[in-house]
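A.B. asks: Listed here are the chains, written in short residue letters.
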Amino acid sequence: MEQAPLDPERRLQPAPLEPLGLPDAGLESVVGEEAEGPRDEGPGDGTMTENNFWLKKIEISVSEAEKRTGRNAMNMQETYTAYLIETRSVEHIDGQSVLTDSLWRRYSEFELLRNYLLVYYPHIVVPPLPEKRAEFVWHKLSADNMDPDFVERRRIGLENFLLRVASHPILCRDKIFYLFLTQEGNWKETVNETGFQLKADSRLKALNATFRVKNPDKRFTELKHYSDELQSVISHLLRVRARVADRLYGVYKVHGNYGRVFSEWSAIEKEMGDGLQSAGHHMDVYASSIDDILEDEEHYADQLKEYLFYAEALRAVCRKHELMQYDLEMAAQDLASKKQQCEELATGTVRTFSLKGMTTKLFGQETPEQREARIKVLEEQINEGEQQLKSKNQEGREFVKNAWADIERFKEQKNHDLKEALISYAVMQISMCKKGIQVWTNAKECFSKM
Amino acid sequence: MSGGPPKALPSTGPHSLRDMPHPLAGSSSEEAVGGDSTPSPDLLTARSFGDKDLILPNGSTPAGPASPASSSSLLNRLQLDDDIDGETRDLFVTVDDPKKHVCTMETYITYRITTKSTRVEFDLPEYSVRRRYQDFDWLRNKLEESQPTHLIPPLPEKFVVKGVVDRFSEEFVETRRKALDKFLKRITDHPVLSFNEHFNVFLTAKDLNAHKKQGMALLTRVGESVKHVTGGYKLRSRPLEFAAIGEYLDTFALKLGTIDRIAQRIIKEEIEYLVELREYGPVYSTWSALEGELAEPLEGVSACIGNCSTALEELTEDMTEDFLPVLREYILYSDSMKSVLKKRDQVQAEYEAKLEAVALRKEERPKVPADVEKCQDRMECFNADLKADMERWQNSKRQDFRQLLMGMADKNIQYYEKCLMAWESIIPLLQEKQEANQEEESVSRWASKMPSVTANSLLLVKLKPPQFTATFLGTAAAKVFVSNY
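Chains as they are written, first to last, in UniProt numbering: chain A, 1 to 450; chain B, 1 to 485.
Calculated directly from the structure, the hints in this document are not laboratory data. Where hints are given, some of them may not hold.
[Stated by the list, open to error] Here are the simulated lysine-lysine pairs, BS3-like style, with alpha carbons at most 27 Å apart:
(1) B/Lys182 - B/Lys158
(2) B/Lys185 - A/Lys449
(3) A/Lys205 - A/Lys401
(4) A/Lys444 - B/Lys387
(5) A/Lys449 - B/Lys387
(6) A/Lys253 - B/Lys255
(7) A/Lys390 - A/Lys411
(8) A/Lys449 - B/Lys255
(9) A/Lys444 - B/Lys185
(10) B/Lys387 - A/Lys270
(11) B/Lys116 - B/Lys100
(12) B/Lys397 - A/Lys449
(13) B/Lys411 - A/Lys435
(14) A/Lys434 - B/Lys411
(15) B/Lys418 - A/Lys444
(16) B/Lys411 - A/Lys253
(17) B/Lys411 - A/Lys444
(18) A/Lys132 - A/Lys411
(19) B/Lys182 - A/Lys449
Note that this is a predicted model, so its numbers are computed, not measured.
Please construct the entire structure, taking both the sequences and the accompanying hints into account.
C.D. replies: Here you go:
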């Protein structure tokens, strides 16, 4: 296996890889001027081993968010938020990072990128985007998309999305992804030129397949159930957590009232005054501490949300399998029926219904020549069908193999990430308890001096 | 020691008692006392060392009003003695052992009152009687009647209006018991009230109802006289100190009311928080059932939240039972104190009016008539008693609130400590398998799952320093949050 030498001077070199299952991705034709130097051609067989491995450390960050106004497709003024994406290559020598690319993208472009990835990598559990609209809000959180806190959390979510894609062994090599990071203008046109929207499976078709498929791989069926239940339980968890946050906020804030009344009371007391006054101050500290605590917790909620949306991505992979399997089953069924027809024509027995059969019955038998012609056509079709079936079968098996590999990878990632999330949540709670103990101990000391 | 200690506190002057039959005479053997041992409180001596030799024999009670000067100095000495806690005490009263009584007409609770004393006023060193709330109420009324110049401690509220509180629930009964105990202890600590005959009867009589029915008017002289003070005199000028006390009490009661409302609101919010927590915890359990590797950690979190919920429940119960009632008591206390202040104003007003009337009658010689003297006397005693009681009240108020607020802080500290323990105990549970995975971090993890891809082929992504991005993909999430405080 080749390895590209580490050359910090060289710009980021993508190794365009054909997306699996689509022999003519047509990406080769989309070449930006950035692509220089030797490039390995991605073979159409979809394997990765032959490709150009390049070791490149890069840093991706979504560092800023900016409110913009512009004209939309219908030439109406709109306000939107743009995010600055910076890419840096990390040099080994002096540890300094060099900014290689920097451009602005808005949420809809991220969506476009993701939709593209979904179409071209149906066997991959594609990382989700942060939510489009604020959900699971509690009273202090704003449901407004322009709210600075929401924008900030979204910025982090978008960065996370890019990092996930970039660290995925397959997705990171995608050309469109590379261009997303590097080519500001014209990127949208480039994506659309791939025609991925046309290649996308229709929702209706997928739904139909889900209902009608007879023999899907059991693992995918289980996975589908799992992702449904995961979605349901995480949604529930997020809803209740939001209510818990709301109530906790109330408890802390009411304590702030003690601050004021203790202060007023201390004014009429002689010996008790000082103790009361300083205790009141601690109550104020206590009341205001909740804001930071809950802000931290929102990040925990965001981590859960990511996996809530990941469940949808899992479902998408299952759907694709069902679709392919259904397709296969239909093709096999079709082939079988054609074979049957052929046989009947050859032997003269009519078991299957056919329009020709009916018209023959009604209008008279066809001539042997006609029959021969028909048989020939059918035989050709059968041949073709058998070829197709074979390749569909293979495709299906490839899909299952690759999808399942990615699903295993995803499972590991999920277990790791969620455990980390739980740990950080526990740490947050511990910190909150310690703060509480500190404040009340201080207050107690003040009271003791009364 | 002055020759006439009893005269120092005319409120308990045996003068009036001598006219009355001995309250304990003719009772059962348990309480039988010698006919001549009319309780004549010699406060100074009784307080000091219970030395019976110093107690004046019957009959040698001086007549005439005591001078305020000596009474206040006496009280100062008493106050000193008060501070030597325990050693100089000669009266101990406890309320405990609540019992439910079910009768045809009603159901009620009685409490056991245990009294231990070396005072001569008590024939026996120890008494144990049972009393119900009604009896306490009777005692308080009697004290108010017979000691109108003193501040009588409050009783817990008679009726339970708020919420659906069970009068016979353990928590309610315990709260009430504590309040009744406090009530009696406050009286016990009072140098004048503790010698009151009604109090004695309350502590010792086998059948209190019989005593109630006798309708004894064990009123002190001042009590008697104050009772008959007619209203309708306009006060010319309130002495500064009493005006100040009045203002203080007004603001004090206001602030306490506010604190009471805040405390109730906090409890309410905490209960609502608890309700949500009780739903929150189990969802982690539900999730745990779906998972493999995550099952234990999730279950652990669920249990943890359960423990915190229990701790919170305990906190709210404690606050409801221990904190709120004491606040309310002090509000009642200050209310009753204000009415005593009003009475004092009345006494002063009457005196001033009479004095003025005399001044107008020019025929009279500068010699002040007897009844005006009585008024002055009355007023000065009242002022002295009240002042002394106020100081005493201020002191115990300070102690009580220090204890109350420290208690509140303590309960909150305990709550957080319980929660802290719960969360700290699951960290190792969550982390144990993390360590095993740490070695195979990022790069190699992908590699091991994708055999066709070598370690070097991957895009190694460096994460930005800010903590939030680290939480998504990083490993240092745990370390990031600890230092926040």
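A.B. asks: CA of A/Lys444 to CA of B/Lys387, is that 27 Å or under?
C.D. replies: violated, 31 Å
A.B. asks: Does B/Lys182 pair with A/Lys449 here, judged by a C-alpha cut-off of 27 Å?
C.D. replies: holds, 23 Å
A.B. asks: Quick one, are B/Lys387 and A/Lys270 close enough, alpha carbons at most 27 Å?
C.D. replies: Answer holds: B/Lys387 to A/Lys270 is near 17 Å, not above 27 Å.
A.B. asks: Sort out whether A/Lys411 lies within 27 Å of A/Lys390, counting only the CA atoms.
C.D. replies: violated, 31 Å
A.B. asks: Is the hinted pair A/Lys205 and A/Lys401 satisfied, with a Cα-Cα distance of at most 27 Å?
C.D. replies: holds, 23 Å
A.B. asks: Check the hint pairing B/Lys411 with A/Lys444 against an upper bound of 27 Å on the C-alpha distance.
C.D. replies: Holds. B/Lys411 to A/Lys444 sits at ~10 Å (cutoff 27 Å).
A.B. asks: Between B/Lys418 and A/Lys444, is the straight-line Cα distance small enough, at 27 Å or below?
C.D. replies: holds, 18 Å
A.B. asks: Taken at face value, is the distance from the CA of A/Lys435 to the CA of B/Lys411 at most 27 Å?
C.D. replies: Distance of about 15 Å is within 27 Å: holds.
A.B. asks: Does B/Lys255 sit within 27 Å of A/Lys449, going by the straight-line distance between their CA atoms?
C.D. replies: Judged against 27 Å, a Cα distance of about 20 Å means the pair holds.
A.B. asks: Run the distance test for B/Lys116 versus B/Lys100: straight-line Cα separation, threshold 27 Å.
C.D. replies: holds, 25 Å
A.B. asks: Given the proposed pairing of B/Lys182 with B/Lys158, does the C-alpha separation stay at or below 27 Å?
C.D. replies: Measuring from Cα to Cα gives roughly 15 Å; hence the hint holds.
A.B. asks: Does the alpha-carbon distance linking B/Lys185 and A/Lys449 stay inside the 27 Å limit?
C.D. replies: Within the cut-off at roughly 24 Å; holds.
Hint check: violations occur at hints 4 and 7; the rest are consistent with the structure.
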